[in-house]
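Visitor: Listed here are the chains, written in short residue letters.
There are 2 protein chains.
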Amino acid sequence: MQQFEYFTDDDVRKIHEATLRVLETVGVDFGYVPAVEVFKKAGFKVEGERVFFSPKMVMEQVAKAPSEYTLQARNPEKNVVIGGDNIAYIPCYGPPFVCDLDRGRRESTLEDFTNFVKLSYASKSMDITGGMMAEPNDIPHERRNAEMMYASMRYSDRPFMGGAIGAEAARETIEMAAILFGCSEAELADKMPMISILCTLTPLAYDDRMLSAIMEYAKAGMPQLISSLSIAGATSPEGTPVVFSGSSSAAAMRYGTLSVGAPEMAVNTAATAQMARFYGIPSRGGGAITDSKLPDAQAGMESMMSQLMATLSGVHFVLHSAGILEGYMAASYEKFILDDEICGMCKRIKRGETADPEKLALDVIAQVGPGGEYLTHMHTFQNFRKAFYTPIMEQKEAYAGWNEKGGESIEKVANRKWKEILEAYQEPAMPDEALGELEKYIEKKYGR
Amino acid sequence: MQQFEYFTDDDVRKIHEATLRVLETVGVDFGYVPAVEVFKKAGFKVEGERVFFSPKMVMEQVAKAPSEYTLQARNPEKNVVIGGDNIAYIPCYGPPFVCDLDRGRRESTLEDFTNFVKLSYASKSMDITGGMMAEPNDIPHERRNAEMMYASMRYSDRPFMGGAIGAEAARETIEMAAILFGCSEAELADKMPMISILCTLTPLAYDDRMLSAIMEYAKAGMPQLISSLSIAGATSPEGTPVVFSGSSSAAAMRYGTLSVGAPEMAVNTAATAQMARFYGIPSRGGGAITDSKLPDAQAGMESMMSQLMATLSGVHFVLHSAGILEGYMAASYEKFILDDEICGMCKRIKRGETADPEKLALDVIAQVGPGGEYLTHMHTFQNFRKAFYTPIMEQKEAYAGWNEKGGESIEKVANRKWKEILEAYQEPAMPDEALGELEKYIEKKYGR
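Protein chains in written order, with the working numbering: chain C, 1 to 448; chain Z, 1001 to 1448.
Hints may contain errors.
[Stated by the list, open to error] Restraint ranges, calculated between C-beta atoms of paired labels, are given here:
1) Z:1401 to C:424: 35 to 43 Å
2) C:201 to Z:1394: 22 to 30 Å
3) Z:1369 to C:13: 23 to 31 Å
4) C:373 to Z:1040: 24 to 32 Å
5) C:424 to Z:1138: 49 to 57 Å
6) Z:1358 to C:64: 33 to 41 Å
7) Z:1416 to C:102: 22 to 30 Å
8) Z:1422 to C:382: 48 to 56 Å
9) Z:1055 to C:372: 22 to 30 Å
[Unchecked claim] Covered by chain Z, according to a simulated footprint, are these stretches of chain C (three or more residues, beta-carbon under 8 Å):
10) 17 to 28
11) 258 to 267
12) 299 to 306
13) 395 to 401
14) 408 to 414
[Said to hold, decoys possible] Distance condition first, Cα-Cα at most 25 Å in a straight line; then the derived DSS-like pairs of lysine-lysine:
15) C:347 to C:359
16) Z:1014 to C:350
17) C:350 to Z:1350
18) Z:1359 to C:14
19) C:14 to Z:1386
20) Z:1350 to C:14
21) C:412 to Z:1412
22) Z:1347 to Z:1124
Quick caveat, the hints were computed from the structure, so don't treat them as lab data.
For every residue, glycine included, the Cβ atom is placed at its ideal position computed from N, Cα and C.
Go ahead and model the full structure; you've got the sequences and the hints to work with.
Guide: See the structure below:
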C-alpha cells in the first residue's frame, strides 16, 4: 500500500516554516529547572522558564532522532519495529472508568487492567501491551505503576508501555524491566523493551512531572512518544529514539468539551503523519477513538474513521487502538473486541495488493470464461484464506440465518467474545526467577 | 485534499495490460442481438454472442468518454458535476426490505420510497436523489418505475436516478423527464438531469435487459454508470457520458454470501478510483455499506470504512451513501440518518485544509503565548463555525450530562431525527402544469 498524502508539499513547507517561527519568537515554557539547564548548557536562548529555539538548532536536533528502531519483546517473535513502513497498534490509555454490558460503568480496578493485558496478548492486531489501559483505582496511588508494570510483564510477552507520571515511575519501570530481562540497565538500553508517552501542556509548555520522566527515560535510553516537535530532538540527549506524537483534535464548541470523534481529528492525524515524514521521525496519531458513551454505531463510525486514516496516512504508532469510549474517559470490554475487528480490517488494507501474475490469474479467467463461476475453482480454494480477512466476529450470514440464531447485535457478540478469550487465556511462559524477583521488588518497596 | 493512491503506477499498468489481454483473448458475451450488431458494424471480432476487443479499439473508445460533465437539476443550485475533483453522494439502491426501530423489518412500499426521497432532499450531504431506494412492493410491477420517477421528480429538486430494468423503463424515464422540464428529448440530452446504473453479469457478460436499457439511454444522451471497463466506451455511442463503476467485493466464504463490509471492498474501491483516473473516466465506488442486520457498531465501522475510502481515493459517484443494511437487502430509516452523519464527516475531510496565514495564525499564537488558552480568543469565535464540522446528532457531551438526559444510544437519536425531518418536510415548488402532465402520463399508461 502506498501512503496517503493529504496535504501538498507546499503546505507541509509552510507549516514547517510557521513552526520554526513560533519556536524562535514565541518560545516554549519548561517548568522544570534541570530541563532548562540542559537548554542553557546547549547554548539555547533562555528567559526564566522560557526557551527559544533557533531554526538551525531545531533542525540539528531533529536530525539526530532515528527514523526507525526496534522494541525488543521478551518473546523475540513479538519484537516491534517503530518507523519505516511499519504500523503498530496499541490499546487504550488512561481511562479512569471501565464498562461492560453486564456490569455497566464503574471505576476500574487492577483486575480490569490485567484483563486488558490478557485481551491484548490474545489479539492478532495489537502489537504492544497498553500502558494504563484502565486505572487501577483499588490500589494505593504510589503502588499503581509497579502493579501495572508487573501485570504487563507477567501476563503478556509483547513490548509494553512504561509508566509516565514523574521521574519516580520512570525509574521504577526501568528497574523492573532490568529484572524482567535479567540484565543491567546499560544492556536494557540496547533492548528497548518499552516505550512511554509524555504529554505537553498545550500551548507551548511542559510541566515538571512530564519533564522529569522524559529526562529519566532518556538517560536510560528508552524510546518515548513526545507530543510536540519543539521538544522532539531538543530536550532529550542526542539520538534518543522518539515518536512525533500528535493527538490534537477539535473542541465540541457547544459543550466546550474535547471531541475526539470529529473529522478534524482525522485531518490532524494525516497532518501529523506527513509532518513527521518531513522530519524523518516516526509518528503517532489516530486510534479507535470516539465520543460515544456506548459501543454503538457512533462508536463504530468514529473509531473506524480515525483508525483507517492513521493507517492510510503512514502513522507508525497508533495509541488507543482498542477499547476507548467517551473520548478517553472509559474503557469498554465490548469496544475492545469491536476495535480489534477494526484493527484487523485496517491491517488487511495496509497489507496492500500487488498486481503479480498469480493474482491477476489470466489463465484462470480464460478457463472460467464469460458467464462462468469462480466459487468452486481450485484457484479460489488455494487463495481465499490468505487473501481475505477473516472476521473475529462472524456476522456475515444472510438475515434469515442470523435471525434464527437470535438476531444478536454485534455488541452482544463482542460481549460473548471477550469472556471466551479470558476463559481460554493461558499465561506465556516466564522464568520463575524473574517473576519471584519482580514480586520481591514490589514487596520491598510497598509491602505485601 | 490530495487523492489517495493505494497502488503504484506500475501495478496500475499491469492491471491495465491484463484487462486488455482478457478483452482480446477471452472476450465478453452480449446477450442482446442489437448490441452485438453495434460491435459487428464497428468492426469488432464477433463469434455468436461473444465479442473480442483489440487493445487499440478499446483505447479509442475509452478516449471518447468525457472525464467530467454536469447533471442539471430542476433547481439549478443543485446541479451536480460528475468527475474532476468533485464527489457526489447518492443514497441506497435496490433493497426489497425496509426497517426502522418502531416497526421492524418488512417489505417496503411506495410510501417508504417517497420518505427516502424526502430524507435525501433534506440532507446536506446527498447530492442526487436515489434510484430504487426502497422497492415499492405495494405497486404492480409494471407501474413501479413510473411511480418512483414521479416521486423523485415531485418531492425533490435534485438530479435523480433513472429506472434501469429494460429498455421500456429507460424510455419511460426519459419521456417523464422531458415532461418535467417541458422540453424536447433533444433538449433533454443537453440537460442530463439524471443518471442510471446498468449492471454486468460477472464474469464478462451482459444480459438483454441491461443492454437494451443501456442502448435506450445512450440514444437519448443520458449518462450511465456501467460496471466494467469492457463496456464503458464500447457499447455506447461515441462520447456517451459514463462512469467507471466498481462495486466488486469479497465473498464471505463460510456462508457463500456476498460480504460488502469486508476490507477487500475498500481495497477494490481504491483500485477502481485509480484505474478510472488512468483512463480519464469518472468513477463509482464505495458507499456506506455493511453486512450488519442492525444499525449497530458493525454497521458504523463497515460503512465508515467504505465511505471514507471512496472519499479519499477520489471516487466521483458514491452510490449507497445512505441507508443500506444486510449487504443491499434492506434500507433502514435510522441507518439513513447515521450514514448522513458519516457522509458529512467524510465531506469535511474531503474539503481539505490549506496552510494559509489566516489558518496558521502566527499572530494569535504569539498573543496567547505558552500556557494560555484559545477558547475565548476572537480568532476562535470567528472561525470555528466554518472550520469545524457540525454533527447532525449531537452526542458530544460528557457522560454525566448525556446520562441525565436518558443515556440514549445513537440509534435512538437517529430514530427521533428521521421523524423530525419528515414532519418538517416541505415540498419544493414546481409548476402545477408539469405536475399535472406527469400525473396524466401515468394515468394514461397505467390507469388510476
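Visitor: Now tell me if each hint is right for this structure.
Guide: These are the hints, each one checked on the structure:
A C-beta distance of roughly 39 Å is found between residue 1401 of chain Z and residue 424 of chain C, which places it inside the suggested range of 35 to 43 Å. The beta-carbon spacing between residue 201 of chain C and residue 1394 of chain Z, approximately 29 Å, falls within the hinted interval of 22 to 30 Å. A hinted range of 23 to 31 Å for the beta carbons of residue 1369 of chain Z and residue 13 of chain C is consistent with their spacing of about 25 Å. The hinted range of 24 to 32 Å is satisfied by residue 373 of chain C and residue 1040 of chain Z, whose Cβ atoms lie roughly 28 Å apart.
At roughly 50 Å, the beta carbons of residue 424 of chain C and residue 1138 of chain Z sit within the given window of 49 to 57 Å. For the pair residue 1358 of chain Z and residue 64 of chain C, the beta carbons lie near 34 Å from each other, so the given range of 33 to 41 Å is met. Between residue 1416 of chain Z and residue 102 of chain C the beta carbons are some 28 Å apart, a value that agrees with the proposed interval 22 to 30 Å. For the hinted restraint 48 to 56 Å between residue 1422 of chain Z and residue 382 of chain C, the CB-CB distance of approximately 51 Å keeps it satisfied.
With their beta carbons about 23 Å apart, residue 1055 of chain Z and residue 372 of chain C fall inside the hinted range of 22 to 30 Å. As drawn, the region 17 to 28 of chain C meets chain Z at 7 residues by the rule of a beta-carbon pair under 8 Å; at three or more, the given contact holds. Look at the region 258 to 267 of chain C against chain Z: 7 of its residues bring a Cβ nearer than 8 Å to a Cβ of that chain, three or more, so the hint holds. Requiring three or more residues with a Cβ within less than 8 Å of a Cβ of chain Z, the coverage given for the region 299 to 306 of chain C holds, as 7 such residues are present.
Judged by the Cβ-Cβ criterion of 8 Å, the region 395 to 401 of chain C is covered by chain Z as claimed, because 6 of its residues qualify and three suffice. Look at the region 408 to 414 of chain C against chain Z: 4 of its residues bring a Cβ nearer than 8 Å to a Cβ of that chain, three or more, so the hint holds. At most 25 Å may separate the alpha-carbon atoms for a hinted pair to count; residue 347 of chain C and residue 359 of chain C meet this at roughly 19 Å. Distance restraint check for residue 1014 of chain Z and residue 350 of chain C: the Cα-Cα separation of roughly 20 Å lies within the 25 Å cut-off, and the hinted pair is therefore satisfied.
Only pairs whose Cα atoms come within 25 Å are accepted, and residue 350 of chain C paired with residue 1350 of chain Z is accepted, the gap being roughly 21 Å. For the given pair, residue 1359 of chain Z sits about 11 Å from residue 14 of chain C by alpha-carbon distance, which is consistent with the 25 Å threshold. Distance check on the hinted pair: residue 14 of chain C and residue 1386 of chain Z sit about 22 Å apart at the alpha-carbon level, within 25 Å; holds. For a cut-off of 25 Å, the pair hint linking residue 1350 of chain Z to residue 14 of chain C stands: about 20 Å separates their Cα positions.
A C-alpha spacing of about 18 Å is found between residue 412 of chain C and residue 1412 of chain Z, which places the hinted pair at or below 25 Å, so the restraint holds. Only pairs whose Cα atoms come within 25 Å are accepted, and residue 1347 of chain Z paired with residue 1124 of chain Z is accepted, the gap being roughly 10 Å.
Checked against the numbered hints given earlier, the structure satisfies every one of them.
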